[in-house]
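Chain residues, written in single-letter form:
Number of protein chains: 2
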Amino acid sequence: MQRKIVRFVEEENLFYRDEKILVAVSGGVDSVVMLDLLCKMEVECGVAHCNFHLREEESDGDLEFVKNLAKAKNLAFYSVDFDTKKYAAENKISIEMAARDLRYNWFEQVREISGYKYVAVGHHADDVAETVLINLARGTGIHGLSGIKSKLGKIIRPLLPFPRKQLLEYAQAHSIHFREDRTNAETDYVRNKIRHQIMPVLEEINPAIRATMTENVQRFREVEQIYNRVIEQNRLHLVFTRENQLLISIPKLKELLAPVSHLYELLSLYGFHHRDIRNIAESINGISGKLFYSATHQLLRDREYFILSEITEENTKEYLISEDKEQLQAPLELTITLLDRTPGFQFPSDSKIACFDANQLQFPLKLRKWKEGDAFRPIGMKGKKKISDYFIDQKFSLQEKENTWLLLSGSKIVWVLGHRMDDRFKITDTTTKIYKINLI
Amino acid sequence: MQRKIVRFVEEENLFYRDEKILVAVSGGVDSVVMLDLLCKMEVECGVAHCNFHLREEESDGDLEFVKNLAKAKNLAFYSVDFDTKKYAAENKISIEMAARDLRYNWFEQVREISGYKYVAVGHHADDVAETVLINLARGTGIHGLSGIKSKLGKIIRPLLPFPRKQLLEYAQAHSIHFREDRTNAETDYVRNKIRHQIMPVLEEINPAIRATMTENVQRFREVEQIYNRVIEQNRLHLVFTRENQLLISIPKLKELLAPVSHLYELLSLYGFHHRDIRNIAESINGISGKLFYSATHQLLRDREYFILSEITEENTKEYLISEDKEQLQAPLELTITLLDRTPGFQFPSDSKIACFDANQLQFPLKLRKWKEGDAFRPIGMKGKKKISDYFIDQKFSLQEKENTWLLLSGSKIVWVLGHRMDDRFKITDTTTKIYKINLI
Numbered sequence: 001m002q003r004k005i006v007r008f009v010e011e012e013n014l015f016y017r018d019e020k021i022l023v024a025v026s027g028g029v030d031s032v033v034m035l036d037l038l039c040k041m042e043v044e045c046g047v048a049h050c051n052f053h054l055r056e057e058e059s060d061g062d063l064e065f066v067k068n069l070a071k072a073k074n075l076a077f078y079s080v081d082f083d084t085k086k087y088a089a090e091n092k093i094s095i096e097m098a099a100r101d102l103r104y105n106w107f108e109q110v111r112e113i114s115g116y117k118y119v120a121v122g123h124h125a126d127d128v129a130e131t132v133l134i135n136l137a138r139g140t141g142i143h144g145l146s147g148i149k150s151k152l153g154k155i156i157r158p159l160l161p162f163p164r165k166q167l168l169e170y171a172q173a174h175s176i177h178f179r180e181d182r183t184n185a186e187t188d189y190v191r192n193k194i195r196h197q198i199m200p201v202l203e204e205i206n207p208a209i210r211a212t213m214t215e216n217v218q219r220f221r222e223v224e225q226i227y228n229r230v231i232e233q234n235r236l237h238l239v240f241t242r243e244n245q246l247l248i249s250i251p252k253l254k255e256l257l258a259p260v261s262h263l264y265e266l267l268s269l270y271g272f273h274h275r276d277i278r279n280i281a282e283s284i285n286g287i288s289g290k291l292f293y294s295a296t297h298q299l300l301r302d303r304e305y306f307i308l309s310e311i312t313e314e315n316t317k318e319y320l321i322s323e324d325k326e327q328l329q330a331p332l333e334l335t336i337t338l339l340d341r342t343p344g345f346q347f348p349s350d351s352k353i354a355c356f357d358a359n360q361l362q363f364p365l366k367l368r369k370w371k372e373g374d375a376f377r378p379i380g381m382k383g384k385k386k387i388s389d390y391f392i393d394q395k396f397s398l399q400e401k402e403n404t405w406l407l408l409s410g411s412k413i414v415w416v417l418g419h420r421m422d423d424r425f426k427i428t429d430t431t432t433k434i435y436k437i438n439l440i
Numbered sequence: 001m002q003r004k005i006v007r008f009v010e011e012e013n014l015f016y017r018d019e020k021i022l023v024a025v026s027g028g029v030d031s032v033v034m035l036d037l038l039c040k041m042e043v044e045c046g047v048a049h050c051n052f053h054l055r056e057e058e059s060d061g062d063l064e065f066v067k068n069l070a071k072a073k074n075l076a077f078y079s080v081d082f083d084t085k086k087y088a089a090e091n092k093i094s095i096e097m098a099a100r101d102l103r104y105n106w107f108e109q110v111r112e113i114s115g116y117k118y119v120a121v122g123h124h125a126d127d128v129a130e131t132v133l134i135n136l137a138r139g140t141g142i143h144g145l146s147g148i149k150s151k152l153g154k155i156i157r158p159l160l161p162f163p164r165k166q167l168l169e170y171a172q173a174h175s176i177h178f179r180e181d182r183t184n185a186e187t188d189y190v191r192n193k194i195r196h197q198i199m200p201v202l203e204e205i206n207p208a209i210r211a212t213m214t215e216n217v218q219r220f221r222e223v224e225q226i227y228n229r230v231i232e233q234n235r236l237h238l239v240f241t242r243e244n245q246l247l248i249s250i251p252k253l254k255e256l257l258a259p260v261s262h263l264y265e266l267l268s269l270y271g272f273h274h275r276d277i278r279n280i281a282e283s284i285n286g287i288s289g290k291l292f293y294s295a296t297h298q299l300l301r302d303r304e305y306f307i308l309s310e311i312t313e314e315n316t317k318e319y320l321i322s323e324d325k326e327q328l329q330a331p332l333e334l335t336i337t338l339l340d341r342t343p344g345f346q347f348p349s350d351s352k353i354a355c356f357d358a359n360q361l362q363f364p365l366k367l368r369k370w371k372e373g374d375a376f377r378p379i380g381m382k383g384k385k386k387i388s389d390y391f392i393d394q395k396f397s398l399q400e401k402e403n404t405w406l407l408l409s410g411s412k413i414v415w416v417l418g419h420r421m422d423d424r425f426k427i428t429d430t431t432t433k434i435y436k437i438n439l440i
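For the protein sequence lines, the chains are B and H, in the order given. Once you know that position 305 of the first sequence is 305 in the UniProt record's numbering, the rest is easy, because the numbers rise by one and skip nothing. Once you know that position 270 of the second sequence is 270 in the UniProt record's numbering, the rest is easy, because the numbers rise by one and skip nothing.
Every clue listed holds true.
The list makes no distinction among identical chains, and a pair is therefore deemed to hold if it is satisfied within one copy or across any two copies.
SDA-like cross-link-like pairs, simulated, lysine to any residue; straight-line CA separation at most 25 Å:
| no. | residue 1 | residue 2 |
| --- | --- | --- |
| 1 | 193 | 140 |
| 2 | 193 | 208 |
| 3 | 412 | 433 |
| 4 | 193 | 205 |
| 5 | 165 | 193 |
| 6 | 193 | 212 |
| 7 | 149 | 41 |
| 8 | 149 | 285 |
| 9 | 401 | 437 |
| 10 | 254 | 233 |
| 11 | 20 | 153 |
| 12 | 193 | 217 |
No wet-lab data here; the hints were simulated from the structure. Computed from a predicted structure; not experimentally measured.
Please construct the entire structure, taking both the sequences and the accompanying hints into account.
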C-alpha cells in the first residue's frame, strides 16, 4: 500500500516530496491512515481538525484524539470550532453542505497563512463509487460520472485508489488507532443509503465493485474530455455577445449532432435546469417568440437566435418581443398585428393604439420602464426630447412616471406607451407594412 | 397513456400506422398492456409467444393464456417450444442468454416469413434504469449508459417511456388480465438484485428515479454520439491495414486527447478487455517488443505501430519479433543479438546459430511453421527451392517436418530454423550490422 500511494502521487502529479502538506484529520480511519502514509513518505505535514459540534461529547473526544496524535508525531496542529447547525440555518443549506463549506474555507485559510502547498483530504475509492451513484440518482450528465478529482486547485486526495476496507486492514496491520467516525452516519442521508444499502448489494453482484467503479470513472473521464473539447470548439461558432445579451445561433444549433447537450453546457451556467433545457431544445423546431426563465435569466427564442439576458430588478427589466409575437400578457397586455398598407389606411386616434412602419423596426423589440437619460423624437417634432422633460411638459405624477413603459427598437425609443410615438417610426408614404400595437 | 405512446411512436419514428407489427407477448403485464395499446392504435398486430419450458405447468398456463388472448382479439397467433436448458448447456451460456438468443432468432423468422414489418417487445422505463445499473456494476464505458434503444433493426420498444407501475395502473384501470411473470425471478440473478434490492432504495432517495434515469440516459446518448463521431474521425488517421494486419500509429495515438478510449474502441472488437487495454495504453510510453493477447488476436507494440493480427491455429499461427526484441520464450526459446560487423568476424558453425545482414531484414520478423507452397533460396544456391522439396532432399521425417519453424522477413523466408539460411540475407562484404539468432 505504501508503494501504491507513492506511485499514485507520482502518476497523478499530486505533490513533490519537499512540499508542505496540511492534512485534514477527522480522527476516522481514512484520515488517520492518510496521515500515517504521508509521514512514512517523509512529507512535512501539518494536522488540521474541525469540530463541527454535531455530537457534543464525541466531537470533543475526536478533537482530543487528533490533538494527541499530532503531538505524538510532533506535527503542527490547527483546530477550529464551528456552529454548523447555525450556519446551515442562516444560509438555508443542509448540514452536510454547511459542514463542507465551513471546512474547505477554513482549510484554505490555514493553508495560506501557515505556508502549506496543499490540503490533503481522505476521499477513497468507496467515495468515488458512492458519488457516481448519488449523481445518477439525482440526475446527471457525463460530468457527474467522472468521479472525484485527485487534484483540484489546492486540494489533493492521495487515498483515491484505495477502498475503505484496505484502509481498515492497513490500520489493523500497523496497529493504528482511530475514532469511529459517525459524522456521516448522522448528516448525510443520501450517501448513507448508498453506502449501507446499495453498495453491499452491488458487492454481491461484483465483489470488486469499487475497483470496477474506479475503472468506469477513468473511462468516463476520457469521454468527458472528448465531450468538453467538442462543446468548447462548437461554442465559438454558436455564440456571440451583443450588449448584455448572449446570442445562440438557431440554424447552427440545428446542424449539430447533439443540440441538447450544447444548449445544456451553454445555459446551465445561467441557472437553467435539464428539464428547462429539454423544453428550450424542443422550441428549436417551433415558432419564435417563446420565453423561458431561470431564477436569474430569461431566454427568448427569437427567429435566428436564442437571446439570453439577465433578469434584473423590475424597474430595469427588459421584455423582448420577437417578430412573430401576436400577443403579450406580461408585463402588460397588448396585441400585435402586422398589416399591409392599404390606400385608405386611417391612423387610429385611440391613444392605446399605435401604428409604425414595420420596415423601420429592428427585432426583437424591447419593452421596459423609462430610465434617466432616455430621449426620443416625439412625433411631429424635429428635435430630441428627454423623456424626463416630456413627463414634466405633460405634468405626469410620480406614479404615472413609474408606470410608464417604453417600446424600443435597438436603443431607439419607438413609443412611450399610451402617450406618444417616435417620429422615426411613423407611417410615411413609402410605408408598405404596418406594425400595429393595441394596449388592452 | 394512449396519447403518450402515440407521441412516442411518432417522435421516435417507430412505425407507420399501416405497418404490420408482430407483438411479443409473454403474458406478463408489460406485453399484455403493449398489445392492448397497439390494438387501440388500430395497428395490425400478430401475437408471438415463446414457451421456454423453465417452469413446467406455469409455462403451459402462459401459453394457454396468450393463445386465448389472441383469439379473443382475433389476431394471428404464433408459438414455439424451446428446450432452453439444453440450448444453454450446449452453447455454454447462461439460461438468460439462451432464452434471449432463442427468442430473438425465432421472432425474426416469424416476422420475415409472415410479413410483419417490426417485432414489438415490452421493455419499459424500469428496464432502462436497471440496465444502466447492471452495466455499471459489471464495468462499462459510455456505451453501457446509453440505455436501451427504442428501435434497433427490426425490434421496436414502444413502452420505453413508461415505468412498470404505470403499466400496472393501466391494466387495473382497463380491467386487463395478465399472468404473473416469474421467468425473470428465476433466471436473471443480477437483474433481480438490482430490481428488488437496489431500485427500491434509489426510489426512497428520488421517488421519480425511473424518469430521472431515463433523462440521464437521454443525456448520455448525446454524449455517446459526440464521442462516437470523434472516435470515428480519428480512426481514419490512426489506423491502416497491411496484408492481414491492422496497424495503429503510436505517434498519432500520443497526440490524442483520450488515447485509452481510442484504443478501447479499436481493440475491443478483437476481444481485448478494458484491463488489457489499460496495459496496452501504458506500453505507449514504454519500449517496443511487448506482446498482448486476446482470445483471438495478438497485438505487438512495435516501434511506430501497434500491429494487430489474428491468432490462427497453432500450425498457421504467426509470432512477431520486433526490432528491439532480445529474447523469445515462445513458441521456442532463442536469443537475438545485434552486432557490428568487425573485420575478423567468424561465421559460427553451430546449426543452432544463424547470422544475417541486419540491413536486409524488414521488421517485425515473423516466426511460423512451414506451409504448402513455401519456397526459399538455400544459402549458396542461385535458384529457388520449395521447402517441401528441401525436406525430401534432407530426408525429414513427418515429425521433423511438423516441428520445423521458419523465420520470415515480410513474405521472404530468412531461415529454416536449425537447418538452412536463405541466400538473400547472408553476410556479405557490404554488411555493416549483423543480426545473430541463437536457438537455445
